[in-house]
Structures are given as structure tokens and as C-alpha cells.
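Visitor: For this one, chain A is given, so just place chain B on it according to the hints.
2 protein chains.
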Amino acid sequence: MSLAQPLSDVGKTMLTYINTLQMDICDSFLSFENKDSFYKDIWERPHHTGGGISCIFEDGSIFEKAGINISSISGSFSCDNEKTMFLKLLSQLNQDTINLNDATYFATGISLVCHPINPFIPTTHMNYRYFEIQDKDTLLWWFGGGADLTPYFLDEDLISNFHTCLKLPCDKLDLSYYPQFKEACDTYFYLPHRNEHRGVGGIFFDYLHSNTQDHYLDLVKSCGNSFLDSYLPFIEAHKNTAFTHDDIQWLQYRRGRYVEFNLLHDRGTKFGLQTNGRVESIFMSLPKRVIWTYNEKLLTNQHANLLKVITSPQSWV
Amino acid sequence: MSLAQPLSDVGKTMLTYINTLQMDICDSFLSFENKDSFYKDIWERPHHTGGGISCIFEDGSIFEKAGINISSISGSFSCDNEKTMFLKLLSQLNQDTINLNDATYFATGISLVCHPINPFIPTTHMNYRYFEIQDKDTLLWWFGGGADLTPYFLDEDLISNFHTCLKLPCDKLDLSYYPQFKEACDTYFYLPHRNEHRGVGGIFFDYLHSNTQDHYLDLVKSCGNSFLDSYLPFIEAHKNTAFTHDDIQWLQYRRGRYVEFNLLHDRGTKFGLQTNGRVESIFMSLPKRVIWTYNEKLLTNQHANLLKVITSPQSWV
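In the order they appear, the protein sequences are chains A and B.
Under the working numbering, the first residue of the first sequence carries the number 1, and numbering increases by one thereafter.
Under the working numbering, the first residue of the second sequence carries the number 1, and numbering increases by one thereafter.
Treat each hint with caution, since some may be false.
Remember, identical chains collapse to one label, so a pair may be satisfied in a single copy or spanning two.
[Unchecked claim] Computed cross-link-like contacts, DSBU-like style, restricted to lysine-lysine with a CA-CA straight-line distance of at most 35 angstroms:
(1) K297 <-> K270
(2) K40 <-> K297
(3) K35 <-> K297
(4) K297 <-> K83
(5) K12 <-> K40
(6) K239 <-> K297
(7) K308 <-> K40
(8) K83 <-> K308
(9) K288 <-> K172
(10) K288 <-> K308
(11) K270 <-> K136
(12) K35 <-> K270
(13) K40 <-> K288
(14) K288 <-> K239
(15) K12 <-> K239
(16) K35 <-> K88
(17) K88 <-> K270
(18) K35 <-> K288
Just so you know, the hints here were simulated from the structure itself, not pulled from any lab data.
Since the structure is predicted, the reported quantities are computational estimates derived from the model, not experimental observations.
Here chain A stands alone, though its shape is the one from the complex (with noise of 0.2 angstroms):
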């Protein structure tokens, strides 16, 4: 078993959902998808407790590219590197006080990402994840987590349904959290240099711990639970929708934009890269085909549509 055991029963808990969540999903998909391009990878981390599962969908019918991954690890803090890391999290939490050097942690999460091949379904991520580092009799936890939508042309309607299947969940246990996470995403997933949003936004939120641990495991076991809702629709809608060369070239061009924001600035990205993190699995994100182009012009209104909700952040529901 590859999977580092959690240190408390919400721990437990939130392994055996994203271990299910993960499963639901890939059975999901396989209902539509090429089974030859689907690959499944059980990894183990050299020199360190636990790993994870690596689903992939390669050039399948549907899915140029798309991952579903959960991982599960544990250990002390050995290296420099994992304790300042850390140490940047706990102050985000008010917790400059615990002493790393004897305590020990546990991180678990899912992480999906799927790139279609067709340009009118969009991209999408979904990731939630759980950590907990205990120093002697101090437990301390926080959940992450949040999901988010790429598209290359718009789909209001579809749009409007993704992001009500996130709305409804957060609804449920307080009505200050969904406007809170969309604003949070809308934050987060910005490009600077392009003055632009990574996409229509979603959900994001971290470093939650103020309320119980069952509150935010009810959250993420919601959401988690909505994303199939929330996105299927795209595929069944858009999936025979004819597309051009031109339309691929758009898609290949808007998907530079995602490595830029997964190499540049993505902090989960670089939290597993400074930390020795496995370079497939966290790369699992980044794009199958991708294309950079000197001054690329704008080609049709579609593509005008889609910069002006991109580079203004409106709402969705």
C-alpha cells in the first residue's frame, strides 16, 4: 500500500472519500471514453512514506490530456527546503509557535485536471486537499481546496451551471462562503503580465481551520461531490460540436496561458517542486499540446467574447 496513513479519524475519513471521489470519476469518464487511453499509475515516494494514484487519460476520444490524482504522504520535516515551506503555511494560520523539528505531518488531497480535445469544452480543475502536523500533544489541520473553469469559447449557460453546482454546496453551510471562494478564485488564478484571469473562475479557498473539522469535510465532500454535475455537461453538449484548424490553433494558444500560470505563479505547483514532489504527478496539470506565437492576433468576435470575461471577472450566478 503506497497511501501514507492520516494521524486522525478526519483524516481517515477524507482518504477513504477522495479514494472514492477519485474512482466515481474515472468510472464516469470511462463510461464515454476510449479505454485505451486510460492508464492507471500507483506510485510510492523513494525515500519517503506514502504516494499516491495516478489516473490518466491520454488522446483519448474526449481528452487530449486529463488526470485525476490522489496522493497521501507523511514524514518529519527533514530538509530545509519542507520546513521553510511549511513554516510559510503555519504563518498563514497564526502559527509561528510550533517547532517543526520534532513534529511530524500528513497531506492528503485529489487533484484533477482535464484538457478536452474539442475547443468548446473547457478546461477544468478541481482540487481539495487536507493537512495535519502534529507536535506533541497539539493537532493542528487545515483543509484547501476549490474548482475552477478554462474555457476557450463561452457557454453561458453551462458556465452558469458550473458555477451554481459550486454555489449550492456552500450555500448549504454558510451563505457568506460562496461569494468569499469566487472572489478568492478570481485572485488566485490571475496573470499579471497578461492582465488576464485563467479563465471564468470557480471556487478557491485555503488555510481553512476556524470551525470544525467535520464543518469543512462536509464542504469538501459537497463540492467534490458536485464537480461531475458540474462539468459533464460540457462534454454531452459540446462533444460533437464541429470545430476548424483555426479554432485548435486558439486552443493550443489560449493553453500557453495555462502553463504560464502553472510555472509561473501556481503555489501548489511550486510547493511540490521545492519540496522533492513527484515531477509527473504535478506536471499531470500542465497541457498535452501547446503553442506559443509571436503577437498572435485575435481572430473572431468568439475570441473577443471570451478576453473581455476574462480580463473583467462578472458573475455567474
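Guide: Here is chain B on its own, set in the frame of chain A:
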């Protein structure tokens, strides 16, 4: 005129030199490349003094994408980002006492990146730059630059020639230069998460200021003048080398590493983005077509041979 004017005579000579070098290289490329693939873009910095001339080849017969850019900018240190970036540079020169609030700067350079179509012709990069900072009566200056080679398949004789073309001009000025700059190049162009160097190296130097301005101008000019001799033999030898679909896959997969280096590590890219540089010029260095696959497998002995020399730098002269 979009190019900013230097503060010193050496600055003027450097600007004239890189202007001529840019024209010489473009003329040489245009002798064999499709005229239709060439595009010259003269640009100015919005709200600031200076600009540049970008010469781009895209989807030609030899180059998938190549850029030969010069730029020349000047100004005062108006924003905190700029000050922070330049203070970092000054600390490298042990010049921490300069007051940037009253100072003006001038920076000029030539930057070239060529990504050919044929996988048997390597990608190459060349950059020579000159900085001046004037604070009252004090003029600080330094030179930086280098050239390096990123092959996809090894042609050892031509790689040796590339290195020799850089070693000869260095040796004429100081026998310690080439070994020192070669090692700096191997150290700088390194991707820790891949445990790979970007290619087979070349030379790299920065913050050169302990000898005279004329000495380093001589170095930069001699190295710049050797560019065509170092690189054209690859084009001549391999422009008609047959390649397969798998070779192109390998090329595009390896070009992902180029993007990873430039977005995760390259100082020039970071400096450009953090000082609100011109995005199109900064990202001119990115290849046109790139792929990321999950767990790419080595296909041939030729691939393995490449990996051997980029994981463990060797002597080429």
C-alpha cells in the same frame, strides 16, 4: 526612434554593435529562409523611454520560431519592483551604497533564440547585454551574456565546433575565461526537478566589471561575431536530414524542458516580467510547439545518448 540613448561612449558603441550584429544575423538567415516567414517589429515602451527591434521568423523552411531582438531602455527607478530587482543586481556588484532614488539607468542588449523545425538542428540561445547606472558623479556599469546550445540529437563534431567558436575569442582575452564561463553555463542552465541541464552548454557570464569597459566590449563583440560560425554548420549539415513523426514528438517533448527552464528559473524572464517588460519580447524565447505527456518513455538509443550528456556535463573541446 524607439531606442534609448546610452549615458557613456561605451554604451553607444555597444548599441551600435548589437544593431549591426542583429542585421548581419538576419541577413544571413534571410539568405536561406523564406522571406514570408520574417517579421520586423519596432516597438516602444509605453510610459517609459526606450524600446526595441524584434526580428521574428515563424513557420519558415528552417525555423519553426526564431527571434533576434535588440532593446535599449533608460529611465529612473520609479516603481518598487524595479528598485528591488536592481538592488539585487547591485548586491552582486558589492555596490549596496548607491541611492536608486536619485539614479538613472541605461540597459541594452541583443537576445537571440532559434527553434528549428528539423529535430537534428539544435535550439540555440545567445544574449549579450550592458547595464549602466548613474548616481550623481558615479557611473556603475557591467556586462553580461553568453550563448548555449540545446540539441535534441547529438552531433558531437558540431557541438565541439560550437564550443570552440566560443572558446577562441575568450582565450584571446584571458585563458581563464572559457573554463570559468563554461562551468557557469552548466550551472546556470540547470533544471533541478529534472536533474537535467538545458543542453550541452556554452558560455555564461554576468556582472563583469573588474576589468575595463573596452576589455569586456571586446569580449562581447568577439563572442557575438562568432555566432554564425558556431551555429550555421548545424543548419548546413542537417537541414535535409530525414526525420520521423517520432523524432518530432521527441523534439516537442524536449521543448517542454525549455519552457520549464524559462518560466521557472530564467533570470532574464523573471527580470522582464517583474519590471513590466514587453511580454511578446520576453516570451519570444519560448518554442512554438510543445507537448507534455505523462511518463514519456525513452524510445531510442539516440535519446538515451542525449540524456547522458545533459545529466552529466562534459568537456567538448
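Visitor: For each hint, tell me whether it holds in the structure or not.
Guide: The hints, checked one at a time:
1. In the homo-oligomer, the alpha carbons of K297 and K270 lie at most 35 angstroms apart both inside one protomer (31 angstroms) and across protomers (25 angstroms), since each shortest distance falls under that limit.
2. In this assembly of identical chains, the alpha carbons of K40 and K297 lie at most 35 angstroms apart only when taken from different copies (16 angstroms versus 39 angstroms within one copy).
3. Taking the shortest alpha-carbon separations for K35 and K297, only the inter-copy value of 20 angstroms comes in at or below 35 angstroms, while the best intra-copy value is 38 angstroms.
4. For a Cα distance limit of 35 angstroms, the shortest separation of K297 from K83 across copies, 33 angstroms, qualifies, whereas the shortest one inside one copy, 45 angstroms, does not.
5. Taking CA atoms no more than 35 angstroms apart as the test, K12 paired with K40 passes inside one copy only; the shortest distance there is 23 angstroms, against 60 angstroms between copies.
6. Proximity of K239 and K297 under a CA criterion of 35 angstroms is satisfied in both settings, with 27 angstroms inside one chain copy and 30 angstroms between copies.
7. Taking the shortest Cα distances, K308 and K40 sit within 35 angstroms of each other only across copies (29 angstroms), while inside one copy they are farther apart (39 angstroms).
8. Taking the closest pair of Cα atoms, K83 and K308 come within 35 angstroms of each other only across two copies (33 angstroms); inside a single copy the shortest separation is 41 angstroms, beyond that limit.
9. Taking the shortest Cα distances, K288 and K172 never come within 35 angstroms of each other, neither inside one copy (37 angstroms) nor across copies (46 angstroms).
10. Taking CA atoms no more than 35 angstroms apart as the test, K288 paired with K308 passes in both settings, with 26 angstroms inside one copy and 25 angstroms between copies.
11. Taking identical chains as interchangeable, the C-alpha atoms of K270 and K136 lie at most 35 angstroms apart only when both belong to the same chain, with a minimum of 29 angstroms there against 41 angstroms between chains.
12. For the homomeric pair K35 and K270, the shortest alpha-carbon distance inside one copy (33 angstroms) is at most 35 angstroms, but the shortest distance between copies (42 angstroms) is not.
13. Both within a single protomer and between protomers do K40 and K288 lie at most 35 angstroms apart by alpha-carbon distance, with minima of 18 angstroms and 31 angstroms respectively.
14. Proximity of K288 to K239 under the C-alpha cut-off of 35 angstroms is found in both arrangements, the shortest distances being 18 angstroms within a copy and 27 angstroms between copies.
15. Taking the shortest alpha-carbon separations for K12 and K239, neither the intra-copy value of 37 angstroms nor the inter-copy value of 59 angstroms comes in at or below 35 angstroms.
16. Proximity of K35 to K88 under the C-alpha cut-off of 35 angstroms is found in neither arrangement, the shortest distances being 42 angstroms within a copy and 53 angstroms between copies.
17. Taking the shortest Cα distances, K88 and K270 sit within 35 angstroms of each other both inside one copy (12 angstroms) and across copies (22 angstroms).
18. With identical chains, the CA atoms of K35 and K288 are at most 35 angstroms apart both within one copy (19 angstroms) and between copies (31 angstroms).
Violation of the numbered hints given earlier is confined to hints 9, 15, 16; the remaining hints are satisfied by the structure.
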